[in-house]
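Turn these sequences into a full structure, and let the hints guide you.
Chains as they are written, first to last, in the numbering used here: chain A, 1 to 160; chain B, 1 to 185.
Read the hints as simulated data drawn from the structure, not as lab findings. None of these values were measured; they are calculated from a predicted model. It cannot be assumed that every hint is accurate.
[Stated by the list, open to error] A few chain A positions that, by computed beta-carbon distances, are all more than 10 Å from chain B:
(1) V36
(2) G73
(3) A107
[To be verified] Listed below are the simulated DSBU-like cross-link pairs for lysine-lysine, each with C-alpha atoms no more than 35 Å apart in a straight line:
(4) A:K68 <-> B:K110
(5) B:K162 <-> A:K68
(6) B:K39 <-> B:K137
(7) B:K72 <-> B:K174
(8) A:K35 <-> B:K174
(9) B:K56 <-> A:K68
(10) B:K137 <-> A:K35
(11) B:K182 <-> B:K39
[What the hints assert, rightly or not] From chain B, some residues computed to sit far from chain A (all C-beta separations above 10 Å):
(12) Y15
(13) D46
(14) F52
(15) T117
(16) G124
(17) K174
C-beta: ideal position from N, C-alpha, C; glycine also.
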Amino acid sequence: MKKVLATLFLAASAGAWAQSTEIANPDPKVEARLKVIAHELRCLVCQNQTIADSDAPLAVDLRQQTRKMIAEGRSDDEIRSYMVERYGDFVLYKPPFNAATAFLWVAPGLLIVGGLAGLALMIRRRRDAMAAAAPAPAPDPARRKEIEALLAGDEDAKRG
Amino acid sequence: MAGESGGNAMKTLKYVVPLAIFGILCVFLAIGLTKDPRKVPSPFIDKPAPAFTLAKLHEPEATFSPEQMKGKVWMLNVWASWCVSCRVEHPVLNDMSRKGIVAIVGLNYKDQRADATKWLQQHGNPYLLSAWDIDGKVGIDYGVYGAPETFVIDKQGVIRYKHIGPISPQDVEKILLPLFAKLNA
Numbered sequence: 001m002k003k004v005l006a007t008l009f010l011a012a013s014a015g016a017w018a019q020s021t022e023i024a025n026p027d028p029k030v031e032a033r034l035k036v037i038a039h040e041l042r043c044l045v046c047q048n049q050t051i052a053d054s055d056a057p058l059a060v061d062l063r064q065q066t067r068k069m070i071a072e073g074r075s076d077d078e079i080r081s082y083m084v085e086r087y088g089d090f091v092l093y094k095p096p097f098n099a100a101t102a103f104l105w106v107a108p109g110l111l112i113v114g115g116l117a118g119l120a121l122m123i124r125r126r127r128d129a130m131a132a133a134a135p136a137p138a139p140d141p142a143r144r145k146e147i148e149a150l151l152a153g154d155e156d157a158k159r160g
Numbered sequence: 001m002a003g004e005s006g007g008n009a010m011k012t013l014k015y016v017v018p019l020a021i022f023g024i025l026c027v028f029l030a031i032g033l034t035k036d037p038r039k040v041p042s043p044f045i046d047k048p049a050p051a052f053t054l055a056k057l058h059e060p061e062a063t064f065s066p067e068q069m070k071g072k073v074w075m076l077n078v079w080a081s082w083c084v085s086c087r088v089e090h091p092v093l094n095d096m097s098r099k100g101i102v103a104i105v106g107l108n109y110k111d112q113r114a115d116a117t118k119w120l121q122q123h124g125n126p127y128l129l130s131a132w133d134i135d136g137k138v139g140i141d142y143g144v145y146g147a148p149e150t151f152v153i154d155k156q157g158v159i160r161y162k163h164i165g166p167i168s169p170q171d172v173e174k175i176l177l178p179l180f181a182k183l184n185a
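In structure tokens:
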């Protein structure tokens, strides 16, 4: 556990260090917005890192480009679409909903609905089967009398 | 009995359905394994090549822009002296240039002028010219994320194909030659 924590801290501090030395006089406002946007954009060189985490030259360039666009007063959406125009939807960590990704987005919902429907069907079937297998016992007059007598005797015993 | 055979069918289904799902999953994963995750589909296919103006590598005072190639089928090849895979690809480009297959324009990506010219002297220069993209700005406009990358641009200045990674002789035979034939027709 300690090792894991230490690794995490190291990783976090390495990332912070990489960016703090990147430009001479970082504007805290720009850096704050950059941090948010850069965490949504994939670095295409090291594909499982965002451009905020990566030290690849391309990630550095894209951070620089993002800083420039923030300084120019562009909106987050404008910056995002700038990246998508050049690198495709793959650059976004959260893929947009379109024809190519529709299945990706809809599948979990379909699986849940399908699973619940299957479960409901199974439960109903099992209940019906149990009801069919165990019919209510037919009233047997002789047996009934015996039981009643027993019950009555019990009452007497209690009183006594 | 009807009820019994129905129960048997259910039992069989209980084993067959998960097995079938597992099989389908295996097929999808197997397809996934054969794909190269570095080959990201380019959003530029069938879009006009982004305009730019850059100084030429060998003539710093002259500039190049893609407009100058209008009316020709040409290749824009992203390369750099620091790029190891470019060395693998380079003999193929030299060969294409020698055979006069297509006009190749180089985009010298994030490279020092002296390093780049020296590299071409050592390895041969297949390029009609190279544009000098010192800060990688044009590279970003073309969605470049790793040299070498190659764009095939048609007579109207539209990008028709993007090759990521080194071009192999097989790629020339199977992909590029048929494409050039089609675009020149």
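Minimum Cβ separation between D46 (chain B) and chain A greater than 10 Å?
holds (13 Å)
Run the distance test for K182 (chain B) versus K39 (chain B): straight-line Cα separation, threshold 35 Å.
Answer holds: K182 (chain B) to K39 (chain B) is near 24 Å, not above 35 Å.
Hint consistency between K56 (chain B) and K68 (chain A) [alpha-carbon to alpha-carbon, up to 35 Å]:
The hint holds at about 26 Å.
Restraint check for K68 (chain A) with K110 (chain B), where alpha carbons must lie at most 35 Å apart:
At roughly 19 Å apart (the allowed maximum being 35 Å), K110 (chain B) and K68 (chain A) satisfy the hint.
Hint check: K35 (chain A) vs K174 (chain B), CA-CA at most 35 Å. Holds or violated?
With Cα atoms ~44 Å apart, K35 (chain A) and K174 (chain B) exceed 35 Å; violated.
Decide, holds or violated, for the assertion that all CB atoms of chain A are farther than 10 Å from the CB of Y15 (chain B).
holds (16 Å)
Holds or violated: are the alpha carbons of K162 (chain B) and K68 (chain A) at most 35 Å from each other?
holds (28 Å)
Just want to verify: T117 (chain B) was marked as not at the interface with chain A; is every Cβ pair farther apart than 10 Å?
holds (21 Å)
Can we confirm that no CB of chain A comes within 10 Å of the CB of G124 (chain B)?
About 26 Å separates G124 (chain B) from the closest Cβ of chain A, which puts it past 10 Å; holds.
Say whether it holds or is violated: V36 (chain A) keeps its Cβ farther than 10 Å from all Cβ of chain B.
holds (20 Å)
Non-interface label on A107 (chain A), tested against every C-beta of chain B at 10 Å:
holds (12 Å)
Distal placement of G73 (chain A) relative to chain B, Cβ over 10 Å
At roughly 20 Å from the nearest Cβ of chain B, G73 (chain A) sits farther out than 10 Å, so the non-interface label holds.
Violated hint for the displayed structure: number 8, the only one.
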